[in-house]
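**Student:** The primary structure of each chain is shown beneath.
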Amino acid sequence: MSLVTTTDKLAAFLAGWPYAGFLGMTAKLDGESVAATLPFSQHLIGNPLIPALHGGVVGAFLELTALAQLAASAPDGHAPRTVDITIDYLRPARAFATHARAEVIKRGRRVINVQVTAWQEAPAAPVATLRGHFVVRANGR
Amino acid sequence: MTDPGPTDEPMSAALAGDLATRGTAQSTALGIVMIPNECAMRAPFRADLVGDPADGGLAGGVITTLLDQTCGMAVGWAMRGANPWIASGDGDDPWAAFRAEPRRFGTMATLDLRIDFVRPARPGCDVTARAVCYQIADNVAFVRGEAFEDDPADPIAAAQAAFMLAEPASA
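If you read the sequences in order, they're chains A and B.
Residue numbers for the first sequence follow my numbering, beginning at 1 and rising by one.
Residue numbers for the second sequence follow my numbering, beginning at 1001 and rising by one.
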């Protein structure tokens, strides 16, 4: 299958990664930028007392947003490999939908540095941010 | 003193640890199981939890959640003075004070979590994570964790986390 457009590549990424389906993540394109959404679901809860999304789920959603952005913009549509991520937790992610956007800080020949921000009510009140390094695989993977 | 209601009951040291240990809705959905008598838990392999189909192993996000929860459990263990990685040594016991007078903390919140993904998880394999809280200072708990299939010397990922421990509301 030849993936021509960024829309095709984004759809192929979301359909190809089973774990993205487990979380229930969705994404659409806003220009060249991936606008990702994680609808609230009971199975994402980590702290029932607040209640709040699991910190690992928030981190995973941020990482997947970065990978979706990079897959959508890759010539072959393949996601790179995650090397490291640092997640800063700024506010509890409550029982609402969460949104995220990725920004490519630097695109090197092998390594790409990405920053992702997640929010619920307003982009100005982020619930978490992620910085990560992603490596483009040899032979296009 | 009357028992505070469930909504404003500060998380006790025991409950903070138990949240991670008993399991959360998310860890139940992932099928995560506790490993008895260790600050460790395991995520069984499942096809619907695979990340990159070219690798075929559990997704990095599953490992992130596994490490986050194991690190949280390590804080609970430390607050109860149970920390086999450190306390088993002779001489100084950094957790003696916690054992002598277990502190009541309010909520426990993850400040940050860094994960190095050394390599992808192997296809069809369960992933185990273990963690240790190596210091608590100024109500910040510092934790290290690691994830692997069978051999800790052959890691999939390494984690470093900091947790803020709020004072109980009644303090």
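Certain hints may be false.
Derived pair list, reagent style SDA-like, types lysine to any residue, alpha-carbon separation capped at 25 Å [unchecked claim]:
1) Lys28(A) <-> Pro75(A)
2) Lys106(A) <-> Asp1116(B)
3) Lys28(A) <-> Pro48(A)
4) Lys28(A) <-> Asp1116(B)
5) Lys106(A) <-> Arg81(A)
6) Lys106(A) <-> Val83(A)
7) Lys28(A) <-> Ala12(A)
8) Lys106(A) <-> Asp1112(B)
9) Lys28(A) <-> Val1118(B)
10) Lys106(A) <-> Asp1048(B)
11) Lys28(A) <-> Pro39(A)
12) Lys28(A) <-> Ala11(A)
13) Lys28(A) <-> Pro1053(B)
14) Lys106(A) <-> Val135(A)
15) Lys106(A) <-> Arg1119(B)
16) Lys106(A) <-> Arg1114(B)
17) Lys28(A) <-> Gln115(A)
18) Lys106(A) <-> Pro39(A)
19) Lys106(A) <-> Phe22(A)
20) Lys28(A) <-> Ala1054(B)
21) Lys28(A) <-> Arg101(A)
22) Lys28(A) <-> Gln120(A)
23) Lys28(A) <-> Leu14(A)
24) Lys28(A) <-> Glu121(A)
25) Lys106(A) <-> Glu32(A)
26) Lys28(A) <-> Ala74(A)
27) Lys28(A) <-> His99(A)
Source of the hints: derived by calculation from the structure; they are not laboratory data.
Note that the structure is predicted; figures quoted are calculated from it, not measured.
**Student:** Determine for every hint whether it applies to the structure shown.
**Tutor:** Status of each hint after checking the structure:
no., hint, verdict
1, Lys28(A) <-> Pro75(A), "holds (18 Å)"
2, Lys106(A) <-> Asp1116(B), "holds (19 Å)"
3, Lys28(A) <-> Pro48(A), "violated (30 Å)"
4, Lys28(A) <-> Asp1116(B), "violated (28 Å)"
5, Lys106(A) <-> Arg81(A), "holds (16 Å)"
6, Lys106(A) <-> Val83(A), "holds (15 Å)"
7, Lys28(A) <-> Ala12(A), "holds (12 Å)"
8, Lys106(A) <-> Asp1112(B), "holds (22 Å)"
9, Lys28(A) <-> Val1118(B), "violated (30 Å)"
10, Lys106(A) <-> Asp1048(B), "violated (32 Å)"
11, Lys28(A) <-> Pro39(A), "holds (14 Å)"
12, Lys28(A) <-> Ala11(A), "holds (9 Å)"
13, Lys28(A) <-> Pro1053(B), "holds (21 Å)"
14, Lys106(A) <-> Val135(A), "holds (12 Å)"
15, Lys106(A) <-> Arg1119(B), "holds (22 Å)"
16, Lys106(A) <-> Arg1114(B), "holds (20 Å)"
17, Lys28(A) <-> Gln115(A), "holds (18 Å)"
18, Lys106(A) <-> Pro39(A), "violated (29 Å)"
19, Lys106(A) <-> Phe22(A), "violated (30 Å)"
20, Lys28(A) <-> Ala1054(B), "holds (23 Å)"
21, Lys28(A) <-> Arg101(A), "holds (11 Å)"
22, Lys28(A) <-> Gln120(A), "holds (17 Å)"
23, Lys28(A) <-> Leu14(A), "holds (10 Å)"
24, Lys28(A) <-> Glu121(A), "holds (19 Å)"
25, Lys106(A) <-> Glu32(A), "holds (16 Å)"
26, Lys28(A) <-> Ala74(A), "holds (16 Å)"
27, Lys28(A) <-> His99(A), "holds (11 Å)"
Comparing the model with each earlier hint shows violations of hints 3, 4, 9, 10, 18, 19; every other hint is respected.
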